[in-house]
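S.K.: Chains as they are written, first to last, in our numbering: chain A, 1 to 363; chain B, 1 to 330; chain C, 1 to 365.
If you are wondering where the hints come from, they were derived from the structure by calculation, not from laboratory data. Hints are supplied without guarantee of correctness; some may be wrong.
[As the list claims (entries may be wrong)] Straight-line C-alpha distance at most 16 Å; calculated EDC-like pairs for lysine to aspartate or glutamate: (1) C:202 to B:170; (2) C:339 to C:314; (3) B:86 to A:196; (4) C:339 to C:321; (5) A:343 to A:12; (6) B:86 to B:323.
[To be verified] If you anchor each label on the Cβ, the simulated ranges turn out as follows: (7) A:40 to C:290: 32 to 42 Å; (8) B:221 to A:172: 26 to 36 Å; (9) B:115 to A:206: 36 to 46 Å; (10) B:221 to A:169: 19 to 29 Å; (11) C:226 to B:156: 32 to 42 Å.
[What the hints assert, rightly or not] Selected chain A positions facing chain C (Cβ under 7 Å, derived; list incomplete): (12) 105; (13) 176; (14) 315; (15) 316.
Where is the CB? At the ideal position from N, CA and C, for every residue including glycine.
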Amino acid sequence: MNVSVELSARKDVPRWLAVGTPVFTVLGALALSAVALVALSVDPIAAYNTMFVETLTDPFGLRQTATRTVPLVLTGLAVYLPLRAGLWNVGAEGQLYMGAIAGTWIGLNVSLPMVALIPLAVLGAAVAGGLWAGIPGYLKAKWDVNEIITTLLLTFVATQIASYLVRGPMQGGSGNFPGSDLLPDAAQFPAIPLLDVHAGFLVGLLAVAATAVLLARTRAGFEVTFVGSNPLAGVQAGMSTFRVYLFVFLVGGAFAGIAGFNEISGVQERLIPEFSPGYGFTAIPIALLGRNGAVRVLLAAAFFALLFVGGSKLEVAYGVPAALVDVIQALVILFLITAEFVKRYRVDVELGREPAAGPAGEA
Amino acid sequence: MVGFTAGLLDAAVRASTVFIFAALGEIISERGGVLNLGVEGMMLVGALGGFATTAVTGNYWLGFLVGMALGTLLALVHAFLCITLKSSQVISGIMLTLLGTGLTTFFGAAWVDRSIDGFPQMTLPLVGQYLVEIPIVGEALFRSTAPDFIALALVPIVWWFLFRTNLGLEVIAVGEDPETADTMGVDVFKMRYLCVLLGGAFAGAAGAHLSLAFSQLWATGMTAGRGWIAVALVIFAQWRPERALVGAYIFGLLDALQLRSQGIDLALDAATPLAGVVNPVLELLMHPTIMSTYPYLATILVLVVTVVRFDEAGLGAPSALLEPYSRETD
Amino acid sequence: MSTGITRRRAIKALGLAGATGLAGCSGSGDAATDEGEDGGSDGSDTVKAAFVYNSEVGDQGWSWAHEQGRQAVAEEYDWLETGHTEAVEPSEAKSVFEQYVQDDYDVVFGNTFGYMDTMVSVAEDSPDTLFEHCSGYETRENMGRYFGRMYQARYLAGIAAGMLTEADTLGYVAALPIAEVVRGINAFTLGARSVNEDVTTKVRWTNTWYDPPKEKEAATALVDEGVDVMAQHQDSAAAVQAAAEADIWATGYDAPMAEQGGDSYVTSPIWHWEEFYGPTLEAIHDGSWEADFYWEGLGDGIVGLSDWGPEVPEDVKSSVDDARSAIESGDTDVWADSKFADADDETLFQDMSSYVEGVEGSVPE
Numbered sequence: 001m002n003v004s005v006e007l008s009a010r011k012d013v014p015r016w017l018a019v020g021t022p023v024f025t026v027l028g029a030l031a032l033s034a035v036a037l038v039a040l041s042v043d044p045i046a047a048y049n050t051m052f053v054e055t056l057t058d059p060f061g062l063r064q065t066a067t068r069t070v071p072l073v074l075t076g077l078a079v080y081l082p083l084r085a086g087l088w089n090v091g092a093e094g095q096l097y098m099g100a101i102a103g104t105w106i107g108l109n110v111s112l113p114m115v116a117l118i119p120l121a122v123l124g125a126a127v128a129g130g131l132w133a134g135i136p137g138y139l140k141a142k143w144d145v146n147e148i149i150t151t152l153l154l155t156f157v158a159t160q161i162a163s164y165l166v167r168g169p170m171q172g173g174s175g176n177f178p179g180s181d182l183l184p185d186a187a188q189f190p191a192i193p194l195l196d197v198h199a200g201f202l203v204g205l206l207a208v209a210a211t212a213v214l215l216a217r218t219r220a221g222f223e224v225t226f227v228g229s230n231p232l233a234g235v236q237a238g239m240s241t242f243r244v245y246l247f248v249f250l251v252g253g254a255f256a257g258i259a260g261f262n263e264i265s266g267v268q269e270r271l272i273p274e275f276s277p278g279y280g281f282t283a284i285p286i287a288l289l290g291r292n293g294a295v296r297v298l299l300a301a302a303f304f305a306l307l308f309v310g311g312s313k314l315e316v317a318y319g320v321p322a323a324l325v326d327v328i329q330a331l332v333i334l335f336l337i338t339a340e341f342v343k344r345y346r347v348d349v350e351l352g353r354e355p356a357a358g359p360a361g362e363a
Numbered sequence: 001m002v003g004f005t006a007g008l009l010d011a012a013v014r015a016s017t018v019f020i021f022a023a024l025g026e027i028i029s030e031r032g033g034v035l036n037l038g039v040e041g042m043m044l045v046g047a048l049g050g051f052a053t054t055a056v057t058g059n060y061w062l063g064f065l066v067g068m069a070l071g072t073l074l075a076l077v078h079a080f081l082c083i084t085l086k087s088s089q090v091i092s093g094i095m096l097t098l099l100g101t102g103l104t105t106f107f108g109a110a111w112v113d114r115s116i117d118g119f120p121q122m123t124l125p126l127v128g129q130y131l132v133e134i135p136i137v138g139e140a141l142f143r144s145t146a147p148d149f150i151a152l153a154l155v156p157i158v159w160w161f162l163f164r165t166n167l168g169l170e171v172i173a174v175g176e177d178p179e180t181a182d183t184m185g186v187d188v189f190k191m192r193y194l195c196v197l198l199g200g201a202f203a204g205a206a207g208a209h210l211s212l213a214f215s216q217l218w219a220t221g222m223t224a225g226r227g228w229i230a231v232a233l234v235i236f237a238q239w240r241p242e243r244a245l246v247g248a249y250i251f252g253l254l255d256a257l258q259l260r261s262q263g264i265d266l267a268l269d270a271a272t273p274l275a276g277v278v279n280p281v282l283e284l285l286m287h288p289t290i291m292s293t294y295p296y297l298a299t300i301l302v303l304v305v306t307v308v309r310f311d312e313a314g315l316g317a318p319s320a321l322l323e324p325y326s327r328e329t330d
Numbered sequence: 001m002s003t004g005i006t007r008r009r010a011i012k013a014l015g016l017a018g019a020t021g022l023a024g025c026s027g028s029g030d031a032a033t034d035e036g037e038d039g040g041s042d043g044s045d046t047v048k049a050a051f052v053y054n055s056e057v058g059d060q061g062w063s064w065a066h067e068q069g070r071q072a073v074a075e076e077y078d079w080l081e082t083g084h085t086e087a088v089e090p091s092e093a094k095s096v097f098e099q100y101v102q103d104d105y106d107v108v109f110g111n112t113f114g115y116m117d118t119m120v121s122v123a124e125d126s127p128d129t130l131f132e133h134c135s136g137y138e139t140r141e142n143m144g145r146y147f148g149r150m151y152q153a154r155y156l157a158g159i160a161a162g163m164l165t166e167a168d169t170l171g172y173v174a175a176l177p178i179a180e181v182v183r184g185i186n187a188f189t190l191g192a193r194s195v196n197e198d199v200t201t202k203v204r205w206t207n208t209w210y211d212p213p214k215e216k217e218a219a220t221a222l223v224d225e226g227v228d229v230m231a232q233h234q235d236s237a238a239a240v241q242a243a244a245e246a247d248i249w250a251t252g253y254d255a256p257m258a259e260q261g262g263d264s265y266v267t268s269p270i271w272h273w274e275e276f277y278g279p280t281l282e283a284i285h286d287g288s289w290e291a292d293f294y295w296e297g298l299g300d301g302i303v304g305l306s307d308w309g310p311e312v313p314e315d316v317k318s319s320v321d322d323a324r325s326a327i328e329s330g331d332t333d334v335w336a337d338s339k340f341a342d343a344d345d346e347t348l349f350q351d352m353s354s355y356v357e358g359v360e361g362s363v364p365e
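Bound-form chain A, shown alone (with noise of 0.2 Å):
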């Protein structure tokens, strides 16, 4: 018997496959993520129940996913950009780590109401983590350096140095615990009335259609477009790769930066060692789902906000360890590149005849 497999470069992407992805991913990952609850010895209906629907139909629920999704949609912003760009920013975590020194020290250490404190420890923030991704950006640039590898490096640099800060010069409270000060009332975004959101949720929102508006209506934004598909033909056209890589990363990690610090003052009210749960890194599978526009990065963001909040909630209640969130969100990566494959290919599968001769031969 001969088991044949041909595989043809799609045309185009049926419709339905390429709509139902998302969705066929997700559940993919959901279900293979079900064999481990019931090693544990855990219903998957009713864990995922808690998970979910529990979540969303509850307003605490959406309160809380909607506070998660704002460091996500940022990074995933930041990780978004330069993607567009044919770019890898691996290192939204550690651009958010200097982001949230620069704004936790402004917080700290300038004297300013709230409508003047906030925007500028924003602004700090968003140019830390801008510089801190520059680096990688410029020798990209310059010199071809591998973006990859340097971003990722640098993430780890940032986070060290953020713990050194704490537990030194920017040690605060009593004690000689690792953390800073409180950040006064005036750092502190206040929270969204009705919504009893904190107000970085409207600088996320912000962000996304700034980056939306950027990209399709700019000429910069269609320089980053263009690069993105195909950089030598830009360079024929006269743009620069130069201006457009520095350009992405150092926006990107303005995003980052900004997250970092939203987290600080929404959520943890000071700045503390560790304070994210790898948001930099989640906001990878965030940039890949949301490939085709920034709102779909936020949609992208709210759906892992959603796992997060939920891992949480099955934590709670079912004592599971909530490292189950990061089993799905890496199923749901892994099935999103299979469903990549998928939809750029077509899988012939042939049983029992002779061999096929196609000129396609096969891996």
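Chains B and C: place on chain A using the hints.
M.R.: Okay, now just chains B and C, sitting in the frame of chain A:
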């Protein structure tokens, strides 16, 4: 002071083994053209799998093998995604780290309170008893666990494999110029699979070493970023096994210093000129948290200096690294 | 079979999420409780208590000890329902605390210093829920704080160490340079010096409450520097393991660590948290609870020493027993012969940031 130095060197050598295992594996993988960012996840599954096996069976060699097998299993997923499905190596790798971390945290909670008898310290047969007598370095270099010696032995083996065997040259060819290698009859896909799987096996070994020899316990996330340091180390070593050994020792020393620097006092006497400036700077540079950034900074430095002075080729990176190979033009 | 049905049901569940009005099937996490009557949420008699731990219960140390306390009270009182969540980082504590408030718990216990500000914040927003914070400084009308005079037990362990050491050098693997930890180091050293004037203590900081590999490395570093009795302020038994492997005496912390210590084991200063949880929950049950600062010691039974290790000589045991009686009766004050002799409770609890004589080096900034 002698006790301190000997202890420091011993700790440095012990700490370096993990890096040696992981970096050698990553060198093989990247030489074949596939970046593996899942090392951290593979190390963790190797650590937990090895530990659990040993806790249940009492046999640490079996545990070591199981750890390697689990690392290889995860690498198989990576290979399938990157080589057959031609997906992004970056995403696949990070995904596997996330998966490995999540799975081991999830299932590892049950193993935290177990204890095992792991690899004992040993000396080399025959000559060992004399070598350990060498002052200061004797104990450090020549009294170790079996995996420590294995890792050391692997350095020349991997070097010889890559640069002196036909198979090794095929590996390099596949990472440099897969098209030409293909036309010359090398099965690019099979070679790359081999490289990635070997990388996973080594990463699993690194993790198993951590839980079975180095610390002899299991704790959630116990790799503590060593996988990432290994990835950096490969670049720092410019994809050469012998340089990876040197790098591993340096990074191991930094690792050991972080805890032991509390025992040294390098401050200049206050009366010395410039002491007021030098002392705080020294204190900053010797701060354990700051020291933990040195492997990363050193790697970035090497990366930048080499590329800037010699352009990308001078770095020594396999030219086809990160590019999925495909027979047809899409 | 199961995958297919699971997927279909999952789709259905997600689809239903779109249709609102499903509050009926939520049940607010009743599945969460470890013990208690079925559907007893209307009983004004029932007290629901939540316990939040910073590390895994399997750490055989700090969180394990709290969990023992929880299990003890859960067994003791049939009007009590308890729930617990482990390995909650301070940065994640907020969502966990808020979840318990959402789920109508009456009291939330948080077992690490790092939860302090978050708990204050949630307590201020949730006046109908009671909170108790372990090892912290802050209280509110609905939030109390609790700890134990562990330094008394440390002193006793120090006596044992001072008698057992031959090199006159003791090792201490310490977590973070905060008052609580410094207090332990000082008390331990004072106890040792009370029987052996020549003793010095070397301290190595790990800067983490819980990181067994790091703790083990720190202990190894101390061994390399010639200590022959090990002590620790960490959440796991890693340092004890290292000491046992190096064949030197080991004292533990939080929990009996005889298993890890083997023949090297001396004793561990340990906690009996049920001595606090019990009366506190009873007070909540009968409505007499008030926010307070609980800081009792050997006399009340909240701190103590574990069983002795197999090789500990009789004279050590009897010396410690004598000292213990003296402390419990008030005849001995641990701090009497030190620079802290005149310190009040607040200084002792919050401000201790320097070593007593006999400890090498100085407390890091």
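S.K.: Take the hints in turn and mark each one as holding or not.
M.R.: Evaluation of the provided hints:
no.	hint	result
1	C:202 to B:170	violated (55 Å)
2	C:339 to C:314	violated (32 Å)
3	B:86 to A:196	violated (45 Å)
4	C:339 to C:321	violated (25 Å)
5	A:343 to A:12	holds (8 Å)
6	B:86 to B:323	holds (9 Å)
7	A:40 to C:290: 32 to 42 Å	holds (40 Å)
8	B:221 to A:172: 26 to 36 Å	holds (27 Å)
9	B:115 to A:206: 36 to 46 Å	violated (53 Å)
10	B:221 to A:169: 19 to 29 Å	holds (27 Å)
11	C:226 to B:156: 32 to 42 Å	holds (37 Å)
12	105	violated (18 Å)
13	176	holds (5 Å)
14	315	holds (6 Å)
15	316	holds (5 Å)
Of the numbered hints stated above, those contradicted by the structure are hints 1, 2, 3, 4, 9, 12, listed in ascending order.
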